[in-house]
Amino acid sequence: MKLFRVFFGILAMSLFIACSSSDPDPADPNEDYIPTPKPLTVPPIFDRLLPPPIVPADNPQTVEGVALGRKLFFDPILSGDGTQACASCHQPANSFTDTDRFSIGIDGLEGTRNSMPIFNTAWNTKNKFFWDGRASSLEAQALEPVTNPIEMHNTWQNAVSSLQSDAEYPELFNKAFGTGNITKELTAKAIAQFERTLISANSPFDKYLLGEGSLTPQELNGFQIFMDESRGDCFHCHGNENSPLWTDNIFHNNGLDAIITDKGLGNVTGDPNHDGLFKSPSLRNLAYTAPYMHDGRFATLDEVINHYSEGLVYSRTIDPLMKAVSRGGVHLTESDKADLKAFLLSLSDPSFISNPDFQDPN
Amino acid sequence: MKKIVFLLAIAFAAIGCSNDDDGNNIPVTAAVSFNFTQNWGVTEITPSNYTSGVYENAAGNYVSIDRLRYLISRVELHKADGTTVSFDGYQLIDLADAGSLSFNPSESVATGDYTGISFVYGFNEEDNVNGAYPDLNAADWNWPTMLGGGYHFMQMDGNFDDSNGTSQPYNFHNGTARVSEGVFEQNFISFDFDQNFTISGDVTIEIAMDISEWYKNPLTWDLNDRSVNLMMNYLAQKDMQRNGATVFSIGAITQ
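If you read the sequences in order, they're chains Z and L.
Its first residue numbered 0, the first sequence is counted upward by one per residue in numbering that gives the first Met the number 0.
Its first residue numbered 0, the second sequence is counted upward by one per residue in numbering that gives the first Met the number 0.
Derived by calculation from the structure, the hints in this document are not laboratory data.
Just to be clear, a hint being listed does not mean it is correct.
Under 10 Å between C-beta atoms, here's a sample of chain Z residues computed to sit facing chain L [what the hints assert, rightly or not]:
no., residue
1, W122
2, C236
3, I249
4, N253
5, D270
6, I317
7, A323
8, V324
Some chain Z residues well away from chain L (every beta-carbon gap over 10 Å; in silico) [stated by the list, open to error]:
no., residue
9, I103
10, S164
11, P216
12, I259
13, P319
14, H330
15, Q358
16, D359
From the structure, some residues in chain Z lie toward chain L, with a derived Cβ separation under 10 Å [what the hints assert, rightly or not]:
no., residue
17, P51
18, V54
19, D57
20, N58
21, H235
22, D247
23, L320
24, M321
Ideal placement from N, C-alpha and C gives every residue a C-beta, glycine not left out.
Please construct the entire structure, taking both the sequences and the accompanying hints into account.
This is the structure we're talking about:
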């Protein structure tokens, strides 16, 4: 037994030594080049209450990667006709969504879902992106709009070719990833790095929790309604003062339609019990993200509150948390509605949409 | 050169380790994991089938399950010599996440004879601290502060056919009981099972939940009477605790 282990140890050592002498592939990233690490800045309220941000081991945050991702995010070079950037539908002023019910792609075609806001993605603990959860990483999510025929309608081959022939990008990729050989994977990695920096946790409610600010009596009462199982009961899907993402990051049918026409998660999993389920959006920054719902059907926050108060509709997969569906909803008083709205707006973060690090660098 | 030195060190370390168990076929320690299973009487309920079944409870309600999550903490093994092995951490079991059905403590245990297994359903008073657990916060598992705070112990949501045959939702949620404004009563359940077993190698211990027990023993729970808005209902919370006492059992111990 001992002899066998000695032999195995020497064999393994020999293999390692042999491997170490292989010549580097000139197409591989330059292993000697190390970009400047740029860890995410964790806000105090997240640091106190949430797990560390999720950053993939194969895509660490770097100064150069974030800068490249930011440039790419705002650059229409990735679209088929060079007219549309990520930021066209994900604008900083709107918490990285837009004001349309459905965004318009380069061919003038309308999408079928409302553009999602982008923030706090490094705390998406379920790693399910898009309204229907079809992307299992931010990097995977970033790949899709470029080729979506009703969005940027390009091919990755063409997009990479455009980047490769650009005067600046090869050097920027070299600085970010140690190679000037641009790929769609590296492009998505850079965009994801930038998106992970989009952190929002400086709302009036955050300041209240940190003891750095106060709320109005109306906002405080609205929070009580939010947390009351017999009134708002919003907290089961949308967080609470100890769960400051203000989303559970999972999927629900919230009683919008009697007949499900967009299967949402059901299209992804193939499970009919998932038909009509969509991801709970965060309630942060609602002041900037209208219209609301996965299909943008509600133009105002009042319409959203009225939906849960009086407008719930039964369908087979409706979430049991929509417990008052037989009465159409929880029937909040007008006063309660106003207070709830005031609280919800206290979760909006003006410093996020005006952050100079998140604006167009081009 | 650095690589060679490093590899030599690894090789010597590997050779050195080979002496550890010479002449002894039974390891001194073993890894232990706890496997959480669910059933409704004799019907097994798994992540792959839990949303597709309809089950009859003791009150005659036909019940479906859309969501089942529950919390287990303070898992311990009791040795024949009178000592106790306590495992750090807790486990949030979620039937929507098959990976959550296994609790794998980092601590290994000594091989030998054991006489019991104990755990807490939910958190006890010492552990049930508002906002103290980042992963549970991120999972939105908190129990409202106005109801005593801390965390949910269980969330079981689904539908049942009411006395008119109409599908109605239920939210069978359990946590701290609110007696009155600002007055709360802990509601966890301590389980302590006598169980003689011997650990001779890595072991998996099954902890089984019979979901039907929540509705029948000792109190027959009719969802027509109590189905939603139960979190702030003191009597409902305490009745859940009473019925919960017979919900768990120890299943297979495999190694």
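I'd like to know which numbered hints this structure contradicts. Please list them from smallest to largest. Hints 4, 13, 18, 19, 20 are the ones this structure does not satisfy, whereas the remaining hints hold.
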